[in-house]
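Colleague: Here is how the chains run, residue by residue.
There are 2 protein chains.
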Amino acid sequence: MTLTLPPDLTEESLSAALDDFAAALGPAAVLRSDPEVREFRDPFWPAGDDTYAPSAVVMPETVEQVQEVVRIANRHRVPLWTHGQGRNNGYGGPAPRVGGSVVVSLRNMNRVLEIDDELAYAVVEPGVRWFDLYDALQAGGHDLMLSIPDLGWGSVVGNSLDNGMTYLPYGADFMAPCGLEVVLANGDVMRTGMGAIPDNKVWHLYKRGLGPVLDPLFMQSNYGIVTRMGVWLMRKPEAYAPLLLTAPQDSDLEAVVETLRELRLERTLEGVPILFNTIIAAAMAEGGAAFQADVGPMRDEEIQAMADAMGIGRWAVRCAVWGLEGVVQARLERIREAWSRIPGSAVIHERTYGRDEHDAIEPTPDKIQAGIPNLDIIEHMDDIGHVGFSPAVPLTGRDVRDAVDFLRDLIEREARANFLAGIIIGNERSCVIVTGASFHVSDEEQVRRVYDTMKMLVREAGKRGLGEYRAHLDFMDLASDQYSFNDHAYRRFCETIKDAVDPNGILSPGRHGIWPAGLRGERVAEAALSD
Amino acid sequence: MTLTLPPDLTEESLSAALDDFAAALGPAAVLRSDPEVREFRDPFWPAGDDTYAPSAVVMPETVEQVQEVVRIANRHRVPLWTHGQGRNNGYGGPAPRVGGSVVVSLRNMNRVLEIDDELAYAVVEPGVRWFDLYDALQAGGHDLMLSIPDLGWGSVVGNSLDNGMTYLPYGADFMAPCGLEVVLANGDVMRTGMGAIPDNKVWHLYKRGLGPVLDPLFMQSNYGIVTRMGVWLMRKPEAYAPLLLTAPQDSDLEAVVETLRELRLERTLEGVPILFNTIIAAAMAEGGAAFQADVGPMRDEEIQAMADAMGIGRWAVRCAVWGLEGVVQARLERIREAWSRIPGSAVIHERTYGRDEHDAIEPTPDKIQAGIPNLDIIEHMDDIGHVGFSPAVPLTGRDVRDAVDFLRDLIEREARANFLAGIIIGNERSCVIVTGASFHVSDEEQVRRVYDTMKMLVREAGKRGLGEYRAHLDFMDLASDQYSFNDHAYRRFCETIKDAVDPNGILSPGRHGIWPAGLRGERVAEAALSD
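Those sequence lines, one after another, are chains P and E.
Its first residue numbered 1, the first sequence is counted upward by one per residue in my numbering.
Its first residue numbered 532, the second sequence is counted upward by one per residue in my numbering.
Just chain P, same shape as in the assembly (with noise of 0.2 Å):
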């Protein structure tokens, strides 16, 4: 076994750290070796691969404990990378992007610490799962809903540090989050919004303080170490109705986009829609088989005759209601009646549910957005692997078929794969394109293949004036690199706040491509991904 050492450290320095950390947390909390260790790599990355690999993970469970890790990767000059579950395997998973840091692990640091039933809302550390709060919820007996992702063993905190998308109305443009608790890289504890007032009540409940407001900067940022946060959660209303709105043919895109923008922006739709195309409609309705990757890319027929065959369209439209029944009612019409201008389209809405019947929910979408975290969508996706791509585009009908015709193109092209397609209305006026491909791990010349193709496309999208929401470790700096405007001035600024309030460059060098002084070597130029 072969460590994987960060830049400048010798194995004896490591070692050092490495010591001092179980010092300080406690040897059982010091993990230093294989199989542990590997737990911690890229899933999908091949195995082979040390580029990614972290040298050990550290795993805190107190607020004091993160303190400690901070202060002695200073004293050591040892990279650190933070998660809170790490499951973010369409984008890196818990791997560092400097091969040789210490992960660390806030997996032990899962308690919910606050659930406020009049203010609706909870405090969670960043170990909390989806699961986790949900179960709490549970348990308290509270009439709670939580706006959640796809997947519910992520964590809370990660998820929305990584402007990660969930689906009911606290979902649409990231509201959910308030307040937070950050370890910075001095070692010292700061508390943003009004929660540096000591014994201030309204820390969670309101989203700004005096002076700078500083929650967002801590969003897919290396700036501080959150330890808790505020999230808001919605009252289960009087009625709920999961919808599924299906059109039957491809060029039906620029209506179905149209529809939704209005349906959206009058608020007769709430909460985060996503249209997925027939590829992904089918996987979702079969528990992930179609996600397969050996069966790509099909033909257009192939596509129409599934979509026609399952009922599903080639867009299909996730989404719902909430609210007042009276309201619920208002708002179904109204979808009803625009929706019914798109030639051969349906409204799929199987039930509403009311205030007491949510424990009889039991379709996965339905599930999702009612805040009932599960696993559903990848069951049976045993060796297939997934790389995330996914430009922020207008909600127009015209933005959005550009997009999609130029990325399926792409990726059916170069990758050879099925383009796959999830576009998150995760607010009224754009939308998030989240698309990528799949692969069989084992196939390293598949997974390189499509590696490969990622980093076309971010480059001929940045072309085009498209940006990622976030992007997975191998093609960071590239992605970053599209956001070029005034010579970088985006960057430059976001690097002169990194080495004020972190000098020694320690947190989580080169996340979304800020980097500290002391490691701006390792970004990986632009010139150099080309070739």
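In short, the hints are calculated from the structure, not lab data.
Quantities reported herein were computed from a predicted structural model and do not represent experimental measurements.
Ideal Cβ positions, reconstructed from N, Cα and C, are used throughout, including at glycine.
Heads up, a few of these hints could be off.
[As the list claims (entries may be wrong)] In the EDC-like style, the derived pairs of lysine to aspartate or glutamate whose C-alpha atoms are separated by at most 20 Å in a straight line are:
id	chain 1	residue 1	chain 2	residue 2
1	E	Lys732	P	Glu460
2	E	Lys732	P	Asp402
3	E	Lys994	E	Glu1026
4	P	Lys201	E	Glu785
[What the hints assert, rightly or not] Calculated from the model, a selection of chain P residues having no Cβ within reach of chain E, i.e. all distances over 12 Å:
id	residue
5	Thr62
6	Glu118
7	Ser345
8	Asp376
9	Glu379
10	Ile384
Guided by the hints, dock chain E onto chain P, whose structure is given.
Modeller: Only chain E this time, still in chain P's reference frame:
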């Protein structure tokens, strides 16, 4: 005429800087003497006191001119203080925190750069007032509504950057702004979010980017000068029903707050309701007359008599519902049902406006909640000044009651003024109790007494864990002092960023308590203020 000089500058060095400004911007864009410069003082501050007097005013008209201003200020080490319109008179108006600063007034940078009907947003420069953007929407025949504050003369950008409240649905949690262009302290132009990608189309449509999220960092801060901002607009709804909900007794406050919270949590009420006490409600109804500084404090029996005689109750909620006809109908029913549980209460609903009936809107509250800017509530206010104190409080009956009792007692007793309360329900979990006191501007003794009372309020509120959501120049430092968790970790972090991004400390030093290294001696210590 004595020129107020900034710290560490001589009259000669300031004069050299002003010459450079005039050479770069043209002499007409640099105001160097009274009466022009005097217009940029705090209109409510004693006229003979130069503590917050600017030395001069520069009025750039383009981004390039703003860059020039910043570069010149760096060369000469001149502190700048920026505003869009500087109409925020309850908090100091256009005046700088540091006497002798050169005010950068962006009033002439007043172009509406874009109105997008399809995606319902506008892009504005910082000198654009609510009036201007409304006029541009009208002139272009757009069916779009703007979320506005009570007064139409302020800057859309300036109000947003100060965390100012507006009342339509996009006012909740400050949702309207999206995407900034910023001139940094070094003269660089930066675009935030997706705007960092050249030719990107979701700059003003998607609230995040790739990497740290910066827009909120420029709220209430002094890290840059914002020269462009996106503003989300709302399509005119099928139905718009403005409402006044009244409650007859002071003791109804708890029930009022609880009812509003539940209606707001279930999204029956959207936007930003505001809860007035009798004196403010009467002032609103009578065009500001009862703001008069010489009628207070009224006895409780007098207030009750006024409440009963005018039919406005002891607590009156200005709110509205917007949406599909069926949705508005269902919501009105629900509001009536919920409100009727408060004995003696009333739901006043004069009329519902259809999409084409906005030209017929006359009453001030109906105009404000339809986004039609005006100055109605400050008519007849000659010689009456006002200073605000506005803590954020959890939206529960007991929290609001505790805060109101504490504030009323202190203001009536110490300022010998009427307690004016506008409780802004800025989201579904917290509110900001906008209070303070009025005075005759010409009565310096009364003015001093009121400001002293405000300082006492800031300090006493801080002891109870209550913090201001924005603060007047004269007690910004004291307000900031309350945010003291972990030896002011928040302020120390903000000042670390300040020193990194503005090493010469030229941008708005002292704004909301954040000082550059070279001027930290200007901070007024809490101990000094206590005396």
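Colleague: Determine for every hint whether it applies to the structure shown.
Modeller: Hints, one by one, checked against the model:
1. E/Lys732 - P/Glu460: holds (16 Å)
2. E/Lys732 - P/Asp402: Between E/Lys732 and P/Asp402 the Cα gap is close to 13 Å, so the pair holds against 20 Å.
3. E/Lys994 - E/Glu1026: This hinted pair is violated, its Cα atoms lying about 24 Å apart.
4. P/Lys201 - E/Glu785: Holds, at about 17 Å.
5. Thr62: holds (16 Å)
6. Glu118: violated (6 Å)
7. Ser345: holds (20 Å)
8. Asp376: At roughly 28 Å from the nearest Cβ of chain E, P/Asp376 sits farther out than 12 Å, so the non-interface label holds.
9. Glu379: holds (31 Å)
10. Ile384: Check passes; 26 Å lies beyond 12 Å.
In terms of the numbered hints stated before, the structure departs from hints 3 and 6, listed from lowest to highest.
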